[in-house]
Amino acid sequence: MKWLLVGIIALCNTIGDVLNTAGMKRQGEVEDLRPGAVAGMVKKIIRNPLVLGGFAALAVSFFALLSLLSITTVSFAVPATAISYLLETLLAKYVLGEDVRWRRWAAATLVACGVFMLSF
Amino acid sequence: MIAAPAHIRNAPAPWPREWIASLKIDNSLPINVAIGSSLSFSVSNLIAINKPGMNSETRLHRRKTQILVALVVVTNVLGNAFLSRGMHQVGRIVSFSPVDYLRAFANPSAIAGILILIVWILSDLALLSRADLSFVLPVTASAYVLVALVGHFVLHDHISWQRWTGILLITGGVILAEETPERTTNGKRERLL
Numbered sequence: 003m004k005w006l007l008v009g010i011i012a013l014c015n016t017i018g019d020v021l022n023t024a025g026m027k028r029q030g031e032v033e034d035l036r037p038g039a040v041a042g043m044v045k046k047i048i049r050n051p052l053v054l055g056g057f058a059a060l061a062v063s064f065f066a067l068l069s070l071l072s073i074t075t076v077s078f079a080v081p082a083t084a085i086s087y088l089l090e091t092l093l094a095k096y097v098l099g100e101d102v103r104w105r106r107w108a109a110a111t112l113v114a115c116g117v118f119m120l121s122f
Numbered sequence: 002m003i004a005a006p007a008h009i010r011n012a013p014a015p016w017p018r019e020w021i022a023s024l025k026i027d028n029s030l031p032i033n034v035a036i037g038s039s040l041s042f043s044v045s046n047l048i049a050i051n052k053p054g055m056n057s058e059t060r061l062h063r064r065k066t067q068i069l070v071a072l073v074v075v076t077n078v079l080g081n082a083f084l085s086r087g088m089h090q091v092g093r094i095v096s097f098s099p100v101d102y103l104r105a106f107a108n109p110s111a112i113a114g115i116l117i118l119i120v121w122i123l124s125d126l127a128l129l130s131r132a133d134l135s136f137v138l139p140v141t142a143s144a145y146v147l148v149a150l151v152g153h154f155v156l157h158d159h160i161s162w163q164r165w166t167g168i169l170l171i172t173g174g175v176i177l178a179e180e181t182p183e184r185t186t187n188g189k190r191e192r193l194l
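Residue numbers (the working numbering), protein chains in the order written: chain Y, 3 to 122; chain S, 2 to 194.
These are computed hints drawn from the structure, not numbers from a lab. Every value quoted in this text rests on a predicted model; they were computed, and no experiment measured them. Even for Gly, the Cβ is constructed at its ideal location relative to N, Cα and C. One should not assume that every hint holds.
[What the hints assert, rightly or not] Going by beta-carbon spacing under 10 Å, a handful of chain Y positions derived as facing chain S:
hint : residue
1    : D19
2    : N22
3    : A24
4    : M26
5    : K45
6    : I47
7    : S86
8    : E90
9    : L98
10   : A108
11   : T111
12   : G116
13   : S121
[As the list claims (entries may be wrong)] Some residues of chain Y that are not near chain S, with every Cβ distance over 12 Å (derived):
hint : residue
14   : K4
15   : W5
16   : L6
17   : I10
18   : L13
19   : G56
20   : V62
[Unchecked claim] Some chain Y residues near chain S, calculated using beta-carbon distances under 7 Å:
hint : residue
21   : E31
22   : V32
23   : R36
24   : I85
25   : Y87
26   : D101
27   : A110
28   : C115
29   : L120
30   : F122
Sequences and hints are given; from them, build the entire structure.
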């Protein structure tokens with residue numbers, strides 16, 4: 003059961019982040035963080051199906067994490083989700099078409115290993 | 002819900018120690034993960050911004066992106082800290098009734114946490130609009146290091162060698178990612194779209 007939850011968390015987290023990235027790139031670069039501009043950004047977001055889909059996936063991931071925490075400890079939950087760093091980098095390269103070279107692969111691997119080590 | 006460690010539930014320690022203590026989710030893993038990254042972040046930031054051959058437009062773009070990264074990291078850590086503190090004050094919620102969860106909204110710390118996390122979500126989306134996902138992920142992992150180092154230097158928590166290794170690995174990842182251009186899909190159509 004707990005590995006099923008880990009899978010759901012990693013998968014939904016990845017899908018959520020990929021959809022949010024695609025949706026925000028489609029919306030255009032945010033240049034301005036003044037209140038008026040942020041309000042405009044929010045208006046666009048609530049009509050952006052990719053970002054809304056991303057939120058839905060992240061919500062599923064969040065509730066799966068809460069369920070996982072109710073049956074295991076944080077020391078199990080946190081390292082298990084570290085794998086999503088690598089999964090997301092993979093999708094960023096092949097789905098979003100980002101130019102992922104050795105530095106980014108190394109960065110994602112170091113962060114995933116680092117998050118894993120933090121649970122000790 | 003996550004159980005608060007006994008020392009948090011019973012001993013109202015003075016601010017900000019109690020506030021930072023509330024970051025701990027349980028005793029087995031104080032998410033003591035954290036200031037090395039801010040240091041590494043500032044250093045790598047300087048290296049990335051002052052690279053020769055960068056024109057002023059690229060430098061300005063990078064600078065704005067870095068401000069967003071800092072905002073994402075700080076609001077993530079603060080938002081979770083306030084929300085966690087608020088939830089511990091409200092007490093354990095084991096219920097399917099939304100009313101019980103709405104009770105949490107009456108707590109000032111929980112409200113502050115939720116408001117800060119709204120800023121976090123918006124700044125994260127703004128960051129994703131101008132930088133690659135494969136850049137944002139490792140760079141914003143500085144939040145883990147920030148939590149650990151605050152725990153160590155402010156709370157005087159013991160950090161095991163395994164955790165120091167984790168902090169160093171994440172810091173290395175942040176520095177490496179900072180070495181890459183923040184957006185590589187410029188001018189290209191995002192494949193998913």
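Do the hints match the structure? See the list:
Annotation: interface hint on Y:D19 holds; nearest CB of chain S at approximately 6 Å, less than 10 Å. Here the hint on Y:N22 is kept, as its CB sits about 6 Å from the closest CB of chain S, short of 10 Å. Given the 10 Å rule on beta carbons, the hint for Y:A24 holds: about 4 Å separates it from the nearest Cβ of chain S. Given hint, Y:M26 at the interface with chain S, holds; its Cβ is 4 Å from that chain's nearest Cβ, closer than 10 Å.
Interface restraint check: Y:K45 against chain S, minimum CB-CB distance 12 Å, threshold 10 Å, status violated. Taking 10 Å as the C-beta contact cut-off toward chain S, the hint placing Y:I47 at the interface holds, the least distance being around 7 Å. Because the smallest distance between the Cβ of Y:S86 and any Cβ of chain S comes to about 9 Å, under 10 Å, the interface hint for this residue holds. About 6 Å separates the beta-carbon of Y:E90 from the nearest beta-carbon of chain S, less than 10 Å, and the hint is met.
The beta carbon of Y:L98 comes within 6 Å of a beta carbon in chain S, closer than 10 Å, and the hint placing it at the interface holds. For Y:A108, the interface hint holds, the least distance from its beta-carbon to any beta-carbon of chain S being 5 Å, beneath 10 Å. About 8 Å separates the beta-carbon of Y:T111 from the nearest beta-carbon of chain S, less than 10 Å, and the hint is met. For Y:G116, the shortest C-beta to C-beta distance to chain S is roughly 3 Å, which falls under 10 Å, so the interface hint holds.
Interface hint status for Y:S121: upheld, as the beta-carbon distance to the closest one in chain S is roughly 6 Å, under 10 Å. No beta-carbon of chain S is positioned within 12 Å of the beta-carbon of Y:K4; the least distance is around 16 Å. Every beta carbon of chain S lies more than 12 Å from that of Y:W5, the smallest distance being close to 19 Å; the non-interface claim holds. Even its closest Cβ contact with chain S, about 21 Å, leaves Y:L6 beyond 12 Å, as expected for a residue assigned away from the interface.
Residue-level check passed: Y:I10 sits 19 Å from the nearest beta carbon of chain S, beyond 12 Å. The claim that Y:L13 is not at the interface with chain S holds, since no C-beta of that chain comes within 12 Å of its own (minimum 15 Å). With a least CB separation of 9 Å from chain S, Y:G56 falls inside the 12 Å interface cut-off, contrary to its annotation. Distance check on Y:V62: its Cβ is at least 16 Å (rounded) from any Cβ of chain S, clearing the 12 Å threshold; non-interface status holds.
Below 7 Å, beta-carbon pairs count as interface contacts, and Y:E31 has one with chain S at about 4 Å; its hint therefore holds. Taken as an interface hint, Y:V32 checks out: its beta carbon lies about 4 Å from the nearest beta carbon of chain S, inside 7 Å. The beta carbon of Y:R36 comes no nearer than 12 Å to any beta carbon in chain S, farther than 7 Å, and the hint placing it at the interface is violated. The criterion of a C-beta within 7 Å of any C-beta in chain S is not met by Y:I85, whose closest approach is roughly 13 Å, and the hint is violated.
For Y:Y87, the interface hint holds, the least distance from its beta-carbon to any beta-carbon of chain S being 6 Å, beneath 7 Å. Checking Y:D101 against chain S: minimum C-beta separation of about 4 Å stays under 7 Å; hint holds. Evaluation of the Y:A110 hint against chain S yields a held restraint, the C-beta minimum of about 6 Å falling below 7 Å. Taken as an interface hint, Y:C115 checks out: its beta carbon lies about 5 Å from the nearest beta carbon of chain S, inside 7 Å.
Residue-level restraint check for Y:L120 holds (minimum Cβ-Cβ distance to chain S is 4 Å; threshold 7 Å). Satisfaction of the interface hint for Y:F122 is found here, the shortest Cβ-Cβ separation to chain S being roughly 4 Å, below the 7 Å cut-off.
Comparing the model with each numbered hint stated earlier shows that hints 5, 19, 23, 24 do not hold.
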